[in-house]
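Order-wise, the sequence lines are chains X and S. Counted the way our numbering counts, the first sequence spans residues 1 to 556. Counted the way our numbering counts, the second sequence spans residues 1 to 447.
Just so you know, the hints here were simulated from the structure itself, not pulled from any lab data. Treat the hints with care, as some may be off.
What the hints assert, rightly or not - Keeping only pairs whose Cα atoms sit at most 27 Å apart, straight-line, the calculated BS3-like set for lysine-lysine is:
#1 S:K386 x S:K188
#2 X:K387 x X:K434
#3 S:K103 x X:K504
#4 X:K306 x X:K434
#5 S:K188 x X:K62
#6 S:K311 x X:K285
#7 S:K103 x S:K386
#8 S:K387 x S:K440
#9 X:K504 x X:K483
#10 X:K504 x X:K387
#11 X:K392 x X:K483
#12 X:K522 x X:K483
#13 S:K103 x S:K387
#14 X:K483 x X:K434
#15 X:K392 x S:K338
#16 X:K282 x S:K103
#17 S:K188 x X:K434
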Amino acid sequence: MRRLSDLAPALAGALACTWFVSSAAQPAPAPAEAQDLTFVRLTTRQYQHSIHDIFGSNVEVKDNKVAPGFRDEGLLALGTRKLTISSAEMEQYEDLAQDIAAQVVDPGRRATLMSCRPDDESAADDECAASFLGQVGVLLFRRPLSEPELRMYVSTHSEAAGQLHSFNAGLTAALAQMLVAPDFLFRVEVSEPDPQRPGQRRLDAYSRAARLSFFLWDSTPDAMLLAAAESGALLTEEGLTAQVERMLMSPRVEHGLRAFFSDMLGFDGFATLSIDTNLYPKFTKYVHEDAEEQTLRTIVDQLLRKNQPYGELFVTRETFLTPSLAALYGVALPRSQELGGAIPWVPYEFPEHDPRVGILSQVSFLSLNSHPGTSSPTLRGKALREKLLCQKVPPPPGNVDFSLVQDVNNPKFKTVRQRLTAHSTEAMCAGCHKITDPMGFALENFNTAGEFRTTERGEPIDASGTLNGRSFDGIQQLAQVLKETPGTSACLITRAYSYGTERKPSREERQWLTALQSELAKEGGVRWRELMHRITLNPDFYTIPGAATLTVQAGR
Amino acid sequence: MSTHQRLSRRQVLRGVVGGVAVSVGLPVLECFLNPSGTAYAATGAALPPIFGTWFWGLGLTPGHWEPAASGNEYALPEHLAMLEPVKAKINLFSGMQVFLDGKVNQNHFSGAQCQMTGMVSRNGSDYTTSIDSIIGNHFGQRTRFRSIEVSCDNDRRSTWSARGENGMNPAEVSPLALYGRIFGPDFKDPNSADFTPDPAVMVRKSVLSGVTEQRQALMRRVSASDRTRLDEYFTSVRDVEQQLAVQLERPSPLPACSVPPPVEVENLGTLVEQTRATHRQFVQLIAHALSCGQTQVFNIAMGSSFSPLRKPGEASAYHQLTHEERIDPQLGYQPTCKWLAEQQMAFFLEMVQTLDAIREGDSTLLDRSLVFAYTDHGEARLHSMKKYPVFTAGSGGGRMRTGYHIAAEGDTVTRVGLTLQQAVGINAGSWGTETNRATKPFSEVLV
Chain X
1 MRRLSDLAPA LAGALACTWF VSSAAQPAPA PAEAQDLTFV RLTTRQYQHS IHDIFGSNVE
61 VKDNKVAPGF RDEGLLALGT RKLTISSAEM EQYEDLAQDI AAQVVDPGRR ATLMSCRPDD
121 ESAADDECAA SFLGQVGVLL FRRPLSEPEL RMYVSTHSEA AGQLHSFNAG LTAALAQMLV
181 APDFLFRVEV SEPDPQRPGQ RRLDAYSRAA RLSFFLWDST PDAMLLAAAE SGALLTEEGL
241 TAQVERMLMS PRVEHGLRAF FSDMLGFDGF ATLSIDTNLY PKFTKYVHED AEEQTLRTIV
301 DQLLRKNQPY GELFVTRETF LTPSLAALYG VALPRSQELG GAIPWVPYEF PEHDPRVGIL
361 SQVSFLSLNS HPGTSSPTLR GKALREKLLC QKVPPPPGNV DFSLVQDVNN PKFKTVRQRL
421 TAHSTEAMCA GCHKITDPMG FALENFNTAG EFRTTERGEP IDASGTLNGR SFDGIQQLAQ
481 VLKETPGTSA CLITRAYSYG TERKPSREER QWLTALQSEL AKEGGVRWRE LMHRITLNPD
541 FYTIPGAATL TVQAGR
Chain S
1 MSTHQRLSRR QVLRGVVGGV AVSVGLPVLE CFLNPSGTAY AATGAALPPI FGTWFWGLGL
61 TPGHWEPAAS GNEYALPEHL AMLEPVKAKI NLFSGMQVFL DGKVNQNHFS GAQCQMTGMV
121 SRNGSDYTTS IDSIIGNHFG QRTRFRSIEV SCDNDRRSTW SARGENGMNP AEVSPLALYG
181 RIFGPDFKDP NSADFTPDPA VMVRKSVLSG VTEQRQALMR RVSASDRTRL DEYFTSVRDV
241 EQQLAVQLER PSPLPACSVP PPVEVENLGT LVEQTRATHR QFVQLIAHAL SCGQTQVFNI
301 AMGSSFSPLR KPGEASAYHQ LTHEERIDPQ LGYQPTCKWL AEQQMAFFLE MVQTLDAIRE
361 GDSTLLDRSL VFAYTDHGEA RLHSMKKYPV FTAGSGGGRM RTGYHIAAEG DTVTRVGLTL
421 QQAVGINAGS WGTETNRATK PFSEVLV
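Could you put together the complete structure from these sequences and hints?
Right, dumping it as C-alpha cells:
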C-alpha cells in the first residue's frame, strides 16, 4: 500500500522526521487557569505563501478577499493582533479550504505529496490518512499534532470517506478541517516561563520558529526549522544563530522583505487607488499594476542582491521598468528588451542628471500620495513624515473653511504651492502644514500620475523645501537629506522590530534599537540581512510582555 | 472532544447520505402567502422582518434639504425633490447632532460611529457592535447569511458594520462575486419542487462542527486580551455552519423569490456612473436575496466617508471638493458638491424603489423592511457634527409609520437608532453612551 515518492519540499522534509505526531497533547497541557496562548491572524500573503511552501506553488490559492485590517504605529502587522475573522471572511476561508484541499489530494497531485496509497480508493484508509495528515499537520499548525488531534482528523477522514465512498473525499474533508482551524488561520503563540529571566515569559520553541519564519520569510517554518524547535536547539544561542543564518541565505527571504516594505509603504492602498485617466492618460491599468512591483523590485535589488544600505533606496538611479512605466517616465526601452521574454521587466538606470532618483520619484509613492486629479504636497509630506520618519502628523481640525484659498480657478494662486501657502496662513492650519508641506513641495515636479513637469498651469514650479533645518530644492536634494538624516534609518529599524513582534517596542527595547542604529551607522548604514540578523538574535524579540501590553492600543 | 458530540456528527452524516434520500429537520411544508402578503397562508407565520443600513458620505447641502414643515404633510425641498415618488414610504429626520463630550472630533468617523454604535470613541480606534448586528441578533439567524455587506467604491474597508470589538465586517465590493456567493451553486431555490440534501454539503458542515468542538479547550488557555477575538472566530465558524445547515433544509416557499440574471459585467470605480452601476447591481442582488430568504440584514455603503465619488472631468473627488470648492456667491452653495449629493440621493431613491418593486401579495418587500440611511457629517465642508440628515425607509411590517418629516433640533442622532430597535421589537429603554444616550424614541412614528 505504501510507497515513497517525490514529495513537495516541505512535505519531504517533514517525512524525513519522525516527530510529526507528539505523544503529548500539543500545545503542551497547561493548568486550567493558564493563559499562555495569544493569536495573530495570518495576512493574505502569509496564507498564500504557507500553502505554496507546504504543497507546492502550483496549488492555486484563489483570490483571498479578507479585509486588510487596520494600521497601528504605521503598520498593518500590528493590527493583526487585534483582528478576528468575521462571518463573511470565514465563509471565504471555508471555500478556500475546500478548494485547496481538493487540489492537494487530487489523484494527479497526490502521488507527489503522499507516501502511501489507499488499498481501496472508494473507502477510508486510516493508516494512510494518518501518515499524510500527520506530515501535513505539523507544517500547517507549525507544531506536532497531539495524538488526540490526529485521531480527530483521521476520524473526519474515515467518516467522510465512508459516507461519500471515496478515500479522496475523506482526505479532502480532513485537510479542509485543518485549513479552517484556528491553529492554521492564526499564529497561535504559546508562552512559557523564561529560565534565563525568572518572572518573565518567552515564546516556546515552536512559536519562536513561527515568529522567525513569518518575519524573515513571510511564511510558515520549514521542516528544518521545526526540527530545530523540536530538538530544543532553537532555544539555544548557537542553534538560533545557525537557523537565522540559514534562513537569511534562503531565497524565501525576498518574500519577507517584500511583505515588510509593502506594509511600511502602505501598498495596500493600490487596491483602491483612483487616478483620473482622462486627465492622466499615461496612467494606464498596466502602470497601476506595475507601480508597486517596480518599487519592490528596486528594493529587492538594492537591499538583497547588492546588499546596499537602506539609504541607497532614496538616491539610487537603478530600477526596473516595463513598457508601460517607460512610457510614463518618457524613457525609450531598447526594443529587444521590450519584446524579450514573458516577463516584461528590464533593468534600467536613469542618467545622472535625470530627475528620477530613488523610490520617491517612482509612480508608487507619487500616485499613492496624491489626489485623483491633483498632486498634494500635504499628502506626500505627510507620507514622508509618517511612513519614512515614523513621525505622527495630527489630523486636520474641524471647522476649517478651505474654500477661499483652494479655488483652482483663482488667478492669484495658480499652483498648488501658492494655494497651500495662502491656506497655511490660517493659524489653526499652519502648525500641521509646516510639518508636511515643506517636504512635499520638493516632489511638486511630479504630477499625480508621477509624470515629470516643470510648470503648473503656466507657472514655474518651485520645488524648494526644508527638513529639520536643512534646505533643499527638488527631489535630488531631498533624497540626499533623507539618506543622511538619522531619523530615516531609525524609523526603519523600529518599524522592522515592531513588524516582527507585531507590537510596540518596550522602553528597554527602544533603547536597544537606538544603540543598534548607532552600531549599524558605524558599519556604513542599515543593511537588510544584518538588520534581520541582529533583531532575530536579540532574546527580547521572543519575550512576551505583560498581558496588558499584549493588547495593541490600535489606531485605525 | 466529547463522545456525545462525536456520535452526534457521525449520526448526522450516516443519516443523511447512506445511499438513501433522507429528509433532515425539514420544516413544515408551507404554502403561499395570505392575501396581504404579510404571512404564510398555511401557518399564519409572519414573513421575516428585514433590516438594512444605507450609508452615504458627506451629508447634504446645508440650508437646502431641510423641509420647512414637520409632520406628514411636508413638502420636499428642491434638493430632495427626486425622493417625491417614495416620500410616503420614508421618514426624514433633521436637526439632530452628535455630541463629542469633550473628545476630539475624528473627522468623517465619529459621526457615523455614533449613529451605528451609539458611542463616540476617544481615539477613533474603539469600534463596537453596530446596530445592524444588534437587530440581527434579535432576529436570530434563520437565513443562510447572517448579513450581507457591500460597498460601491471598491474598498472592502468602506463599512460601518461590526459584531464585537475586533474589526469591522468587510464589505463585498464586486457584484460578480456577490452573485456567485448568493446565487451560485450553493443556492437552493425555495420554490423548487425538488429538494435533496447534498451529501457533500453535509460533510462540509460536519467538518466545521469538528472545529467548533475545539472551542472549549482553546478558550481555557487563551490570554484574557485575546479571548473575545477567539470567541468571535468560533461564532463565525458557527455562522458558516448555519449557512450550510440552511442548505440542507427544504426552504419555505417564497412566491416573490426569483433568481436575478447573472452578473456578467462589472465596472468598479469611483466615477458617478461606475458607482451608480455598481450600486444598482448590488441593490438588485440584495433585493432578490431578501425575497428569497437568504438574509434578513444588509448594509450598503456608497463608499468611504471620505467619499471618493467623482464627477467626470472633475480633477478632485467629492471629499476634496467639500473643502476646496468655492461657495458660489449667487447660488449660496458649492455647486459640484450639491450635484454629487443629489446623485447619492438618486441612488437612495433607486434602492428604496427596488425594494418596493418586489411584490409580496398586497404589500412589498420594502413594507416588511426597515432601512436606516445615515451620513458622516452635517456640513461636511466644516466637519460639522450638527444638523444631520437621516432617513428611514419602509414600515418594518407595519411597526413604523412613514411619510413624516421630524425636526428634532439639538437632539442626539441616537434617537433614530433607539426608535428602530423598538420598532423591530427590542425592549430597549435607551441606547448610546454619555450625552448620546437616547432614552426617548420618536414615538410619533412608532405604531
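Quick rundown of the hints versus the structure:
{"no.": "1", "hint": "S:K386 x S:K188", "verdict": "violated (46 Å)"}
{"no.": "2", "hint": "X:K387 x X:K434", "verdict": "holds (17 Å)"}
{"no.": "3", "hint": "S:K103 x X:K504", "verdict": "holds (25 Å)"}
{"no.": "4", "hint": "X:K306 x X:K434", "verdict": "violated (37 Å)"}
{"no.": "5", "hint": "S:K188 x X:K62", "verdict": "holds (24 Å)"}
{"no.": "6", "hint": "S:K311 x X:K285", "verdict": "holds (20 Å)"}
{"no.": "7", "hint": "S:K103 x S:K386", "verdict": "holds (15 Å)"}
{"no.": "8", "hint": "S:K387 x S:K440", "verdict": "holds (18 Å)"}
{"no.": "9", "hint": "X:K504 x X:K483", "verdict": "holds (25 Å)"}
{"no.": "10", "hint": "X:K504 x X:K387", "verdict": "holds (16 Å)"}
{"no.": "11", "hint": "X:K392 x X:K483", "verdict": "holds (20 Å)"}
{"no.": "12", "hint": "X:K522 x X:K483", "verdict": "holds (15 Å)"}
{"no.": "13", "hint": "S:K103 x S:K387", "verdict": "holds (19 Å)"}
{"no.": "14", "hint": "X:K483 x X:K434", "verdict": "holds (21 Å)"}
{"no.": "15", "hint": "X:K392 x S:K338", "verdict": "violated (34 Å)"}
{"no.": "16", "hint": "X:K282 x S:K103", "verdict": "violated (45 Å)"}
{"no.": "17", "hint": "S:K188 x X:K434", "verdict": "violated (60 Å)"}
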